[in-house]
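A.B. asks: Could you put the whole structure together from the sequences, leaning on the hints where they help?
Residue numbers (my numbering), protein chains in the order written: chain A, 168 to 309; chain B, 168 to 309; chain C, 168 to 309; chain D, 168 to 309.
Heads up, a few of these hints could be off.
Claimed, not checked - With a Cα cut of at most 25 Å, we get these calculated DSS-like pairs of lysine-lysine:
hint	chain 1	residue 1	chain 2	residue 2
1	C	K282	B	K282
2	D	K240	C	K226
3	A	K240	D	K292
4	A	K240	D	K282
5	B	K292	C	K240
6	D	K228	A	K282
7	A	K228	B	K226
8	B	K282	B	K228
9	C	K240	B	K228
10	A	K226	B	K282
11	B	K240	C	K276
12	D	K216	A	K282
Just so you know, the hints here were simulated from the structure itself, not pulled from any lab data.
Residue-level listing of the chains:
4 protein chains.
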Amino acid sequence: MKNITSDTAYQYEVAFQVRDYECDLQGVVNNAVYLHYLEHARHEFLYAKGIDFAGLHAKGKDLVLIRIEADYKLPLRSRDRFVVRMNIIREGRLRLVFLQDLYRLPDEKLVLRAKATGVCVQNGKPTLFEEVNRAFFSSASS
Amino acid sequence: MKNITSDTAYQYEVAFQVRDYECDLQGVVNNAVYLHYLEHARHEFLYAKGIDFAGLHAKGKDLVLIRIEADYKLPLRSRDRFVVRMNIIREGRLRLVFLQDLYRLPDEKLVLRAKATGVCVQNGKPTLFEEVNRAFFSSASS
Amino acid sequence: MKNITSDTAYQYEVAFQVRDYECDLQGVVNNAVYLHYLEHARHEFLYAKGIDFAGLHAKGKDLVLIRIEADYKLPLRSRDRFVVRMNIIREGRLRLVFLQDLYRLPDEKLVLRAKATGVCVQNGKPTLFEEVNRAFFSSASS
Amino acid sequence: MKNITSDTAYQYEVAFQVRDYECDLQGVVNNAVYLHYLEHARHEFLYAKGIDFAGLHAKGKDLVLIRIEADYKLPLRSRDRFVVRMNIIREGRLRLVFLQDLYRLPDEKLVLRAKATGVCVQNGKPTLFEEVNRAFFSSASS
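C.D. replies: See the structure below:
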């Protein structure tokens with residue numbers, strides 16, 4: 168997954184702190200818990216752009232994860248503070264790709280690098296929700 | 168919570184085995200995970216009686232937990248096998264009380280003793296679903 | 168559990184926000200997740216008093232939950248903000264009792280009222296850690 | 168991840184059933200929960216070969232996940248039965264790669280295809296534990 172993350176700037180970030188119940192018998196955050204962190208960070212990013220994950224579901228419109236790739240670089244431990252920084256890009260017509268990097272604070276060490284690919288689904292069919300397109304990909308800036 | 172569990176017989180039981188991700192940094196099953204075990208055991212008991220928790224929800228009928236009491240007697244560890252044994256009784260007209268005891272296998276040591284109280288809710292109002300009444304409390308035996 | 172919580176003042180509080188992965192198929196926070204919230208709140212309270220749960224464990228000293236009681240009053244949903252407010256009292260010589268009330272924000276509605284009882288354990292034996300006694304129960308104020 | 172899974176035979180499989188608490192507000196198993204399933208399946212596979220994950224940790228020897236790739240093909244729902252089938256291969260001298268496919272039962276539809284890469288770590292250094300080498304990669308068959 169080299170080079171897929173823009174090393175210049177991130178569009179959004181969400182700060183966290185490890186809670187003890189997230190650690191497993193090895194004394195470090197369990198591997199599955201990072202997917203919870205990544206999901207929460209994506210939902211916060213979406214919400215900041217006016218897109219409410221739970222609200223969409225209530226209207227029969229779902230954002231669905233279809234692929235995850237993650238490289239675990241460093242373990243997080245009890246009470247560690249960290250931040251998930253991310254960008255969103257489009258792959259093809261329908262795929263939304265979140266490039267998500269997790270850094271420990273305050274030393275800024277890279278903990279996990281992930282690529283999460285999702286699609287919008289309505290009535291069982293992949294589509295691109297207008298609100299998602301408008302929020303992230305419309306060239307309103309020109 | 169002495170004497171609330173019939174020491175004679177249980178109506179239903181569900182067998183489990185501890186999965187490593189359920190253990191926390193103390194190397195034992197995390198306290199919250201037992202509520203997952205208890206919930207799953209209740210849903211299996213209900214299902215065995217013809218009541219499908221998710222199916223009911225899809226019809227706007229929800230089983231809702233209103234109180235939990237649990238005494239933690241012994242910690243469970245990686246790979247421990249155990250069983251949740253339980254009875255259901257009615258408290259008042261609307262409350263369903265599950266008396267749930269969790270035993271480690273094969274030594275039958277008591278791990279946790281719990282009392283979980285729930286109600287049926289439809290359109291925001293507590294009620295007693297006919298299917299629940301029929302399954303557990305009808306005196307069809309006479 | 169009437170009257171067990173001082174209605175006058177709380178010693179400590181921790182603020183949270185519901186993350187979507189904490190909600191179950193009923194669209195509300197799953198009952199077991201509240202025990203995670205309560206545990207995290209207790210660990211934060213302890214930490215504020217100089218007691219590090221994970222650090223103690225590394226020294227062979229464990230804080231262990233032996234009983235939980237909780238009344239679920241109101242469901243939390245996606246993105247709800249809330250706070251856990253609490254007091255600690257001693258019961259007998261060894262039991263530490265956390266009286267924990269969870270309020271939704273900003274409307275301050277009571278969501279859950281809990282009583283969590285724990286003990287300090289070292290070498291398999293219940294004891295009262297000196298650092299815990301000093302932090303919470305020494306009458307240094309007189 | 169085409170062609171990485173041998174379509175001929177799997178070395179091991181573990182059967183599961185979805186528990187209701189594993190489903191999120193979309194009514195399907197949450198994406199992070201699949202990593203719990205995969206981890207549990209790996210630990211069962213290891214155990215069947217005489218390798219105890221928790222026991223190794225107690226001796227200062229840890230199996231650590233360094234990369235996960237997963238394609239989500241189909242959602243699992245309440246009470247769905249499924250199986251995780253898998254093979255283990257070595258990549259380079261130190262990397263253990265689990266190729267794990269999750270199938271719904273009884274219809275055998277592919278739900279998730281994953282590649283989980285791990286290493287053995289002792290005293291902070293990657294190594295290959297002798298017991299792991301013996302269990303999976305020794306050519307004792309010749």
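A.B. asks: Now tell me, hint by hint, if it's right for this structure.
C.D. replies: Each hint, compared with the structure:
1. K282/C to K282/B: 15 Å, holds
2. K240/D to K226/C: This hinted pair is violated, its Cα atoms lying about 45 Å apart.
3. K240/A to K292/D: Status holds; Cα separation ~13 Å.
4. K240/A to K282/D: 17 Å, holds
5. K292/B to K240/C: Given pair K292/B, K240/C holds - Cα atoms ~14 Å apart, limit 25 Å.
6. K228/D to K282/A: Roughly 30 Å between the alpha carbons, so the hint for K228/D and K282/A is violated.
7. K228/A to K226/B: 20 Å, holds
8. K282/B to K228/B: 22 Å, holds
9. K240/C to K228/B: Holds. K240/C to K228/B sits at ~18 Å (cutoff 25 Å).
10. K226/A to K282/B: Given pair K226/A, K282/B is violated - Cα atoms ~37 Å apart, limit 25 Å.
11. K240/B to K276/C: Roughly 33 Å between the alpha carbons, so the hint for K240/B and K276/C is violated.
12. K216/D to K282/A: 33 Å, violated
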